[in-house]
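Engineer: Read off the chains here:
Protein chains: 6
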Amino acid sequence: MKIAVFPGSFDPFTKGHESIVRRALPLFDQIIIAIGINAEKKYMFPLEKRENWIRATFADLPNVRVENYTGLTVNYCRSVKANYILRGLRNTVDLEFEKGIAQLNKTLATEIETVFMMPTLELSAINSTIIRDIVRNGGDASAFVPSAIDLKN
Amino acid sequence: MKIAVFPGSFDPFTKGHESIVRRALPLFDQIIIAIGINAEKKYMFPLEKRENWIRATFADLPNVRVENYTGLTVNYCRSVKANYILRGLRNTVDLEFEKGIAQLNKTLATEIETVFMMPTLELSAINSTIIRDIVRNGGDASAFVPSAIDLKN
Amino acid sequence: MKIAVFPGSFDPFTKGHESIVRRALPLFDQIIIAIGINAEKKYMFPLEKRENWIRATFADLPNVRVENYTGLTVNYCRSVKANYILRGLRNTVDLEFEKGIAQLNKTLATEIETVFMMPTLELSAINSTIIRDIVRNGGDASAFVPSAIDLKN
Amino acid sequence: MKIAVFPGSFDPFTKGHESIVRRALPLFDQIIIAIGINAEKKYMFPLEKRENWIRATFADLPNVRVENYTGLTVNYCRSVKANYILRGLRNTVDLEFEKGIAQLNKTLATEIETVFMMPTLELSAINSTIIRDIVRNGGDASAFVPSAIDLKN
Amino acid sequence: MKIAVFPGSFDPFTKGHESIVRRALPLFDQIIIAIGINAEKKYMFPLEKRENWIRATFADLPNVRVENYTGLTVNYCRSVKANYILRGLRNTVDLEFEKGIAQLNKTLATEIETVFMMPTLELSAINSTIIRDIVRNGGDASAFVPSAIDLKN
Amino acid sequence: MKIAVFPGSFDPFTKGHESIVRRALPLFDQIIIAIGINAEKKYMFPLEKRENWIRATFADLPNVRVENYTGLTVNYCRSVKANYILRGLRNTVDLEFEKGIAQLNKTLATEIETVFMMPTLELSAINSTIIRDIVRNGGDASAFVPSAIDLKN
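The listed protein sequences derive, respectively, from chains A, B, C, D, E and F.
Counting in the working numbering, the first sequence runs from 2 upward without gaps.
Counting in the working numbering, the second sequence runs from 2 upward without gaps.
Counting in the working numbering, the third sequence runs from 2 upward without gaps.
Counting in the working numbering, the fourth sequence runs from 2 upward without gaps.
Counting in the working numbering, the fifth sequence runs from 2 upward without gaps.
Counting in the working numbering, the sixth sequence runs from 2 upward without gaps.
Treat the hints with care, since some could be wrong.
Since the list can't tell identical chains apart, any single copy or any two copies may satisfy a pair.
[Stated by the list, open to error] Quick list of in silico lysine to aspartate or glutamate cross-link-like pairs, DMTMM-like style, CA-CA up to 20 Å:
no.	residue 1	residue 2
1	3	30
2	107	19
3	16	141
4	107	134
5	153	49
6	43	30
7	3	49
No lab work stands behind these hints: they were computed from the structure.
Being a predicted model, the structure only gives us computed values, none of them experimental.
Given these sequences and hints, build the entire structure.
Structural biologist: See the structure below:
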């Protein structure tokens, strides 16, 4: 059974995230969208909301699960018997960060492979930081999140 | 009338910023240097000081205005009838950040174009973060800010 | 009079190039699309064809001119009394190249400024190299060039 | 049936390539290593040699096939009913190149996804260009190619 | 006498840092590993611990000293009569940051040169941020720090 | 005895190259500027001219030697008993290239270290490619090469 973990803080989950999951899904038997909880980070949206939003987004897909975890990502992967980590890759700053993480994860857990996909063109400028910035400034970011997500609620 | 907004926190305004504004000015009828206020950010220099410093720098140029704003940059641009955003571009990390912002702004407001200029060689290592670091450590950063700015006052 | 030169080999001119010119045009009184001729380079499309394609693309815009030149770009700019060079900027590899050229041009001709614009999202993957590759392999690249350009003719 | 095409010129095939194929193989039912033939490029090693070397490298793996092709990669993928393109990603220069290709391929063939993997740490400095340079200069590059490949023969 | 300062926060010191110091040491008469103290930053490991760990790591090398400093790095260099700053360089994000710092330091103190070394392949994914992340999440990071460092003590 | 090789094609040698050599010289007992000869590359300036220009540039410095070599750079280093390779590093494209070479050289010859220096601000836009382009187009590139070099002769 091929299980992939798609880890992130998803604060909030974007159309870019959704697209990666839908496009990668045929490659795996199951994708677990795993919200990492970092006690030192502040989030704009509460965990429960973020989980519910993602669940609503994939309500039609039984092989997409939503969970949260603390601790190392590779340990979490092992606990759910996932052999793959799925990551989106937008630009060169992402690359340097992801490369370091992927290569270190490989050292910590040689049986786990990281697989990358790039956003489609029309989604490539969307990221959670910019969405939070729009929300904070009273703008309308609904065009950048899946339709099941109502950022104002 | 061609109005450009040059947005930033300008904490403090540098010789690099000054050079971009002076070199871009012939392209526009007016450049508004717009200090963005983000309630979640801490600044080293108070807003009033930053505004006065920039005003003193361009005292000779009636078509350079200094203002401050909250909220989305594109909304501010609309409120002052600006069709252009002017940005400096120093390096590849800047590029990835600016590209995301520019492409998203284009989605939020198709009538607004972002125009980029690069620093001249001798100014290309100057940025506000490094100046704050010099000031914090008791160094002399006067060579990196316009002559009208006295960082110690 | 504000004249900008938009230099390139345009082998062929793409929708990305067209978009930059149309979006930048309000900033200038005239944009000269200047096809640089480098005797050591081989081109896929003959100069005359490239010129005619660009002329057809901007037939509706009298303040867009199409010319060709040899020699240094800054010398050409001076010969046509242009104070601006307009360049598109797609990615970090572009940036490093363009930064070197722009800073050196500034040394060779201090009165000439280079102004950059980024492609809109949907055009940001298009470039002449990829189009030539599609053409060479018998693919259909018509979606990536202006409608006035018929690559097969 | 999940089929991936791993396209390249493989001049020569490296340990880095081998590692990507072996690590990606569990994700697919079949990986086709497809040597692209570009009439305008010169290769150091003849096509037949390159094909045989790759075949010898994967002699133990029946679900790895080696083929060659001309024309557009997406057209080749369709002809062999592959829905995935597999690519290695080493660094930021690679990224900008691969991103352009992947996003354009998505435009040409929406049903084909590109999946990226990064080299493991110890293989991340190996590439075919450097190997050809070592060979050309009379050096010993055998440490950088799969053991089934004898560059001197 | 050729003295180099190797500045950083070393929170904690890594095998990557150790490798740079050992490989650069033959170039200098003395390397001073200088822990910069920034009152606005929070550190995971107390200063005394960080100093002792580095001292233990280089107990065998009398020409490696460990110190701490506040204020500008170039001022510290002058105070210890160092004409060189030694820095590791891992990736393109590092480069943009280090280039700005190095070029500005050159402006502040023309007699001080910055010399860069790159990590060896097998150490190139290690950095202090990732180690802190592993520690914070209860993982075992001992493989990434010099053997004289016991992160749990 | 600390000997560094500064390898390149130096077609032509620039003020940027000169600056790196002069700034690095105090670190070494001898720097050998080594012109690599690649039979497959075409050069604008003949080897003899390039050698003479560099010799004239460092006529005042007995511990700078100029030589040429064929074959692998690490083999050449061994033949002249050099333990260091000196390289300039301008930008992120350089970095990716240099990193690959440096890490592979380390694999081929563990006793040889590569040391990098960055250009000073005012020289950071100069490179041989741009100088050749200026020369080819009849421009005056004398400001970018050491005063001992007369490109027209």
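Engineer: I want to check one pair: residue 107 and residue 19. Are their C-alpha atoms no more than 20 Å apart within a copy, between two copies, both, or neither?
Structural biologist: Answer is between; shortest inter-copy Cα gap is 17 Å, intra-copy 26 Å.
Engineer: If the cut is 20 Å between Cα atoms, do residue 107 and residue 134 qualify within a copy, between copies, both or neither?
Structural biologist: between (34 Å within a copy, 16 Å between copies)
Engineer: At most 20 Å between C-alpha atoms: does residue 153 with residue 49 qualify within a copy, between copies, both, or neither?
Structural biologist: Classified as within: same-chain Cα gap 15 Å, cross-chain 34 Å, threshold 20 Å.
Engineer: When no copy is named, should residue 43 and residue 30 be tagged within, between, both, or neither for a Cα gap of at most 20 Å?
Structural biologist: neither (33 Å within a copy, 43 Å between copies)
Engineer: Could you place residue 16 and residue 141 in one of the four classes (within, between, both, neither) given a Cα distance threshold of 20 Å?
Structural biologist: Classified as within; 15 Å inside a copy, 30 Å across copies.
Engineer: Using 20 Å as the alpha carbon limit, work out where residue 3 and residue 49 are close: within a copy, between copies, both or neither.
Structural biologist: Cα proximity of residue 3 and residue 49: none, with 27 Å in one copy and 36 Å across.
Engineer: Between the shortest in-copy and the shortest cross-copy C-alpha distance, which are at most 20 Å for residue 3 and residue 30: within, between, both, or neither?
Structural biologist: For residue 3 and residue 30, both the intra-copy (5 Å) and inter-copy (12 Å) Cα distances are at most 20 Å.
Hint violations for this structure: numbers 6, 7, all remaining hints satisfied.
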